[in-house]
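Engineer: Join the two chains into one complex using the hints; note that each chain is given alone, in its own frame.
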Amino acid sequence: MSAALIDARDLHTYYDDSHILRGVSLRLRAGETVGLMGRNGMGKSTLIRTLMGLVKPRRGTILIDGRDMTGAATFRIARTGIAYVPEGRGIFASLRVAENLSIAARPGIDGSVAWDIPRVLQLFPRLAERIGNGGDQLSGGEQQMLAIARALVTNPRILILDEATEGLAPLIRDEIWHTIRLVRDSGIATLLVDKTVAEVTAVADRVMVLVKGETVFEGRPTALMADADRMHGWLGV
Amino acid sequence: MNLLAQLLNGLQYGLLLFLIASGLTLVFGVLGVINLAHGSLFMVGAYLAYVIAKTTGALWLALPAGLIGGIMLGAGLERFLFRHFYHREHLDQVLLTFALILLFEEGRSFLLGNDFHSVPVPALFDFSIPVAPGFSYSAYRFFVIGCCLALGAALYLWIERTRMGAIIRAAAEKPEMVDVIGIDARRVHMVVFAIGTALAVIAGALAAPLYSVYPGIGDGFLIISFVVVVIGGLGSVSGAFWSALLIGMVDTLGKAYMPAVAGLAIYVLMAAVLLVRPSGLFGQRA
Chain A
1 MSAALIDARD LHTYYDDSHI LRGVSLRLRA GETVGLMGRN GMGKSTLIRT
51 LMGLVKPRRG TILIDGRDMT GAATFRIART GIAYVPEGRG IFASLRVAEN
101 LSIAARPGID GSVAWDIPRV LQLFPRLAER IGNGGDQLSG GEQQMLAIAR
151 ALVTNPRILI LDEATEGLAP LIRDEIWHTI RLVRDSGIAT LLVDKTVAEV
201 TAVADRVMVL VKGETVFEGR PTALMADADR MHGWLGV
Chain B
1001 MNLLAQLLNG LQYGLLLFLI ASGLTLVFGV LGVINLAHGS LFMVGAYLAY
1051 VIAKTTGALW LALPAGLIGG IMLGAGLERF LFRHFYHREH LDQVLLTFAL
1101 ILLFEEGRSF LLGNDFHSVP VPALFDFSIP VAPGFSYSAY RFFVIGCCLA
1151 LGAALYLWIE RTRMGAIIRA AAEKPEMVDV IGIDARRVHM VVFAIGTALA
1201 VIAGALAAPL YSVYPGIGDG FLIISFVVVV IGGLGSVSGA FWSALLIGMV
1251 DTLGKAYMPA VAGLAIYVLM AAVLLVRPSG LFGQRA
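For the protein sequence lines, the chains are A and B, in the order given.
The first sequence begins at 1 in the numbering used here and counts up one residue at a time.
The second sequence begins at 1001 in the numbering used here and counts up one residue at a time.
Hints in this document: simulated from the structure, not taken from any laboratory.
It is possible that part of the hints are untrue.
[Unchecked claim] Some chain B residues near chain A, calculated using beta-carbon distances under 10 Å:
id	residue
1	Ala1170
2	Ala1172
3	Met1177
Even glycine gets a Cβ: it sits at the ideal position worked out from N, Cα and C.
Isolated chain B, as found in the complex (with noise of 0.2 Å):
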């Protein structure tokens, strides 16, 4: 039974990735910069849960609260930042997403200090699901699983059938033909920057009382995010949801079957994959 547990968490584990790599992907698709400061949001995220559920103890709150508070938390990034330097070098995107890594880290030590802290997983949650015999799940982690594959679906069907999506999707592709053809291609930007974070404070706020809440959280996902999107194809969202499940996969039998080497097991499949395919699985070949 333990595999069946090792895969479940492969599997949520997984599926968390996608959320954060997902909208880094797509931001970097169509806007055109990598965001270095995209594991602060996901940061941004665990620390509301902890905030809220130590204010509330309605810990749900954080969902809705991280979609309204990532949305304008993105928005306003993209206005007031981000815009000004889609036309600049990459080392001035690197060091303006990289100096906001160091704001947002020393704004979460001003403001709440620098302990760990535990977030209980809401009490509607709190008991283990039977899977097989003589094996239950946690149900918190079931429901980790749902709301990803919720927005994982939300998303692929707002990119794929609305007319924003068609948008989106032809703006990471010829973004002065979408200017021609009379749509104002900054809103498209904020928009698309205000759903990537939104994405990633939700992931924060669900993965809070998984992992617990301490300085630095959103480093290592955000390695690992890259590691998916590299592995996807940059820009592809269906590329980084099945390179996402492979690394959350690979990452997480490693650890338990493999623990020697598991730490360098998804970097040798990113090497791996690169070799074979230079621009990721679902990446367009150049």
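Same shape as in the complex, but just chain A (with noise of 0.2 Å):
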């Protein structure tokens, strides 16, 4: 088994007074996929903002390939090899689809040019036809896929997806899901938090469950499908 690459303990996050994350611990080995799901305001994208170094945890620790990242600035967590997809996308709707590519793009922290610019316009082909239009003249989709793309020509060894998918036509959906599973092919580790459950615990190797900012489960896929009454009550599905 590798080193975990992320390797975060006992996180206890607070916006204001109200107490979000309550001892979460995480662990991302290199290549793995893991799930994060729960309900809506559970602490999933708290989670990964803290993970982030956008908020910063009260209690806690993070390791980043063994070295203490807690309370590091946010570009620094990034420089060591993680891309982050927030939920709404955060793509820069001033700047052409070409600049948003273009200010993200630099080797890994390996040296790594793999994902550049035009592998990723091989990967999503709307986007080489959109490469000259500002980022707010984008479809959902399309913006989704400049998301994913900016994050990989960041030449990552982690990709953070929160909420991919949410809110995007069908087919796009398919796309974005095919991509997803191409990524982890590659060899990127991936953590994914989406609320269709058939398709994360599909492509997951490990799936967590917040409930009101606490892990109630971490394993296998299959062994949430087979709980399927306490699945039920953390999920809501």
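Structural biologist: Here it is in structure tokens:
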């Protein structure tokens, strides 16, 4: 078993006085795909924002490659090779598609340039057609493709996707899931937040379920599916 | 021919306002801080030109000195003061930048005194260029127009066509995402503040021979620049350009032909624009 890329222990995160994360731990190993599940408001996005350094945990530690990165600046965390596609995509509407990609593009931490702009345009031919358009002229699906493409050109070791298929047409969702599998198969570790249980359990090596800021389940997708009653209770499905 | 002279004056004044307002609007758009001390940076440029002209006789040196000095001054102010105020309340930011005005004015008073000084037009441009039969116009004012247009074009190309410019636009739109893709937003802030400062300092240096140099020279320009920024749309550099030309023309022509109401004209214009378009001519609609 390889060493953990991310080893977050006992994270407690607050928004003002409300205690959102209540002692969550998360390990992500090289090449592994982990599904993060739970209903709205259970702390999934807060966990990711804490890992990215966008909110500081009040307690707990975040080790990346064994180095303590708790409280480190977000750009430093990103530069360890973590790409994050937030809920709502976070593309730059005032930049052209080409600029969205070119300001993000950089070699990976190991110097790899496997994911360059031509390759992501090959992966998403629709972006190639839209390369000169402004970010504000894209459809929802194209915005999501751009957000993933922008994450990939940073040549990450870890890709974090928060609700990447939410609100998209079925055909586009299929394309995004296809891409997620392709990314997984290329050896990039993936942390996946999504509400479609069937899809997450199909791609993930491991799933974690959060309820009210605590981990109530961690294990193989099959083990979660096997306990249908509890799964319904946790996820409301 | 008087009208032509006033039109050229209006163009020159408007372009000078653009140099000041572009830095003000850029700093607001990217850093989210309204810098009341921006007029003091203009004053630094004007006094820099006065001191250089007096000690070396070579006024042109004020341009490279203003560029380099302005960048260093701006980078220093950002690094040691402004950086610590982005997440503070607006009142704290107002107090900081107001305190800076007082410091710059006291510093100027301490070092150079409170007298008015005229700054001679550089000998190279101390003549008039015939523009139409029986009418010629100051070569130095043409030089100022040229400098402002060149700097404006350079600023436009930098923001619209370079990678750094794209990062600046990205930072103005979604600062958090700039960090998320692995870019140190603090460096972006420092660059923007340094360039905004340099533009104000250069504007002051260019203005010195036209308006002479006196205590509080930055105040009037600051107020008008705020009007420019508001009409153009907060954070919009192209908005600041068109708005500065508009204000330059309205103010200059008003003072020439309707002096009784000219002082009011630009504020009436601002109120009218805000009534029709609350976010300014080029502002993002909220």
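Engineer: All hints are to be evaluated individually against the structure, with a verdict given for each.
Structural biologist: Hint-by-hint comparison with the structure:
{"no.": "1", "hint": "Ala1170", "in the structure": "4 Å, holds"}
{"no.": "2", "hint": "Ala1172", "in the structure": "7 Å, holds"}
{"no.": "3", "hint": "Met1177", "in the structure": "4 Å, holds"}
When each numbered hint is compared with the structure, no violation occurs for any of them.
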